[in-house]
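> Take a look at the letters that make up each chain.
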Amino acid sequence: MSGIYLDNAATTPMAKEVIEVMTNAMQTTFGNASSTHQFGRSARMVLDDSRKVIADSIHAKESEIIFTSGGTESDNMAIMQTAIQRKSLGKHLITSAVEHQAILKSMKYLESIGFEVTYLPVNEDGVIDITDFKNALKDDTILVSIMMGNNETGSHMPIHEIGDILKDHQAWFHTDAVQAYGLLDIDVNVDHIDMLSTSAHKLNGPKFLGFLYKRDTIFSPPFIKGGEQEDKRRAGTENVPAIAGFAKAVSLVSDDEKKARQLKYQGFKKQIIAALEVNKIDFEINGTLSDDNLQHVFNIWIKGVQTEVLQTRLDLAGIAVSGGSACTAGNLEPSHVLIAMYGENSPRVTESIRLSFGKDNTDEEIAVFVTQLVRIVGRLKK
Amino acid sequence: MPDNSKTRVVVGMSGGVDSSVVAYLLKQQGYDVVGVFMKNWDDTDEMGVCTATEDYKDVAKVANKIGIPYYSVNFEKEYWDRVFTYFLDEYKKGRTPNPDVMCNKEIKFKAFFDYAMELDADYIAMGHYAQVEQDTDGIMHMLRGDDSNKDQTYFLSQLSQEQIQKVMFPIGNIEKPEVRRIAEEAGLSTAKKKDSTGICFIGERNFTKFLGEYLPAQTGNMMTVDGVKMGEHYGLMNYTIGQRKGLGIGGTGEGNDPWFVVGKDLSTNTLIVGQGYHNDLLYADYLEASELSFIAPIDRFGNDFHITAKFRYRQTDVGVTVHLNDDHTEATVTFDAPVRAITPGQAVVFYDGTECLGSGIIDAAFKSLDKGSKQLQYV
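Quick note, the sequences are listed as chains A and B, same order.
Heads up: the first sequence begins at 1 in my numbering, then just goes up one per residue.
Heads up: the second sequence begins at 1 in my numbering, then just goes up one per residue.
Simulated from the structure, these hints should not be mistaken for lab results.
It cannot be assumed that every hint is accurate.
In the DMTMM-like style, the derived pairs of lysine to aspartate or glutamate whose C-alpha atoms are separated by at most 20 Å in a straight line are [said to hold, decoys possible]:
#1 B:LYS6 - A:ASP291
#2 B:LYS6 - B:GLU106
#3 A:LYS381 - B:ASP317
#4 B:LYS61 - A:ASP256
#5 A:LYS207 - A:GLU344
#6 A:LYS382 - B:ASP120
#7 A:LYS108 - B:ASP122
#8 A:LYS382 - B:ASP195
#9 B:LYS176 - B:GLU162
#10 A:LYS382 - B:ASP114
#11 B:LYS77 - A:GLU351
#12 B:LYS27 - A:ASP315
#13 A:LYS259 - A:ASP291
#14 A:LYS303 - B:ASP135
#15 B:LYS57 - A:ASP187
#16 A:LYS381 - B:ASP120
#17 B:LYS77 - A:ASP291
#18 A:LYS105 - B:GLU46
#19 A:LYS382 - B:GLU232
#20 B:LYS65 - A:ASP315
#21 A:LYS381 - B:GLU54
#22 B:LYS57 - B:ASP195
#23 A:LYS381 - B:GLU46
#24 A:LYS138 - A:GLU116
#25 B:LYS150 - B:GLU162
#26 B:LYS77 - A:GLU333
#27 A:LYS359 - A:ASP255
#28 B:LYS92 - B:GLU232
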């Protein structure tokens, strides 16, 4: 497909190295990793090797990695299983107003069956206040789930501080690292993280695959029940070729590569801002340009231009950006993240687009994007 | 074939067969076709299901099959403010409004049109059974759809010249069975989809119940014009002139003739009923209309002219003499022969042969008497 893809926070194209590994695994390693014959054993070996690569990437043990169908399942599992297992210790959970719906909807469900949830507000930078967090924390809090980096603004939550506060508290600490994994260095021990969700397709791996890291000292019964895969913690035959691809995708983002990507995306932002300023486009950044952020996400308020119109015009010009999530009838829903940051009456809620960069984007593509954006905004404002 | 690839046409796709075929035909003709689905009403039920979801899925299937991009736009607020509010206001006045006429005027050919222009459209295209034709002076005229069963000019009659300048009706010259045949041949999944019926936002739901959610129904007396009480009504808004069903009167009065609504008296909240389909009180000789709107200039007619008209959708034309006021905003329309059940709030739509000239909104109907005249229906 031709066109310029600037929606990498939604999903990324698979890396060619990943496709090679997967194609090979599909041809040679079709066995069921639970089978006790040579075909099973060869699949088991690929599974074990992959798990090692992935565990190392966040400084976890292999036994702490549970493969799942992706970020949503990992988030659901972390929240639901904690609530079920720990309800005798308390009914209070803490999260933030800007989490992914996989977290928020799980929390809403728990509220409907008698749990109590605190949704921490965020400031205009999109981050929670650590004092708010301390004030919200109670003796009987059983889980804190705060995302590592936000998918709409790239804002980076104070994960280390939260982990530090919680290390001597009964509450388990879960973080949704779906966007951050592959861009930030993650060490679950340094940050005292008990559970962490990821998704393979956000870092050029296959879709419908992710993992939940769960600290060994934490026990909980399986969320998906059935066979004894994943040490009885997640039933269902493992998708070994996809898991091999996931491990490959992870191995492609060395610490140096992460830094290089963050710098590259920061460069794109500077390029875009400079061009918008030269062309006198009236705009503001949603969130901040902090070096700490996930640099692949760039959310811009183009003043006076409706999101729907701009996103559609860009699409018709061959450029894919995000205008937010659509409801089942295709209409864009107002972003709960921008509402949490700026209030529901802010024009930012209806006049913003999100760009998200990937490893394959080039300066030339960004230049084409800016040219088209300037042309379209100029025509709409005429 | 001319090169149409540089001409962008934004098609209003509802998820029905008509607009599906419109998009298909335009794509066949090489236009740069963009499908846009309008969501004008939120009817999400307790289970979270809304008809818009299903319709949008059909749009997606058809658009993907044809190979065009498709999008969705939300006009719920515009629809509420410009159509639904008017709809309720008219009912409060005891009239029977036609929201589809208003929807075309305010939403499909205004809000949607403006949106399409923001998408750089050269034209919008709709699945209405109507036709447009440009004369040598560049003026657009609206003609009836070739399928006389389906002709929808009644609903488009309040559009202005400006509103139809950049409009295409690609199936206006095709008959409905042929439209379905084209859809089937092209493998469009909507080929056999049932036509939507009723007012768009009410759909298949119970009309009285729906209306009752927005307007409190006040029960009152059901009387004959001579003041004989025949029963009780459950809110004037739930009745329309000429209606027979739901009165609950039987076996009384002269003979066994059924009873009909012949009028409403808002001041006393009385429903006036009369016996017989051809009850004299149901037949008017002329009407008064306001909100007159003409699609193309009508200078050729002067202020008094004889043409044909319809007083509701799918009625056969009646010969009428129109007398316009000086600024062409109001008219008195006299019928060649008495017409039954003229209903205030509906449109009186004017035709000159196949051309739809425009329309007005009916305010009152009258019967000519030997001396002067008498307003019917007391509304």
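> So which hints don't hold here, by number, going up?
1, 2, 3, 4, 5, 7, 8, 9, 14, 15, 17, 19, 21, 23 and 25
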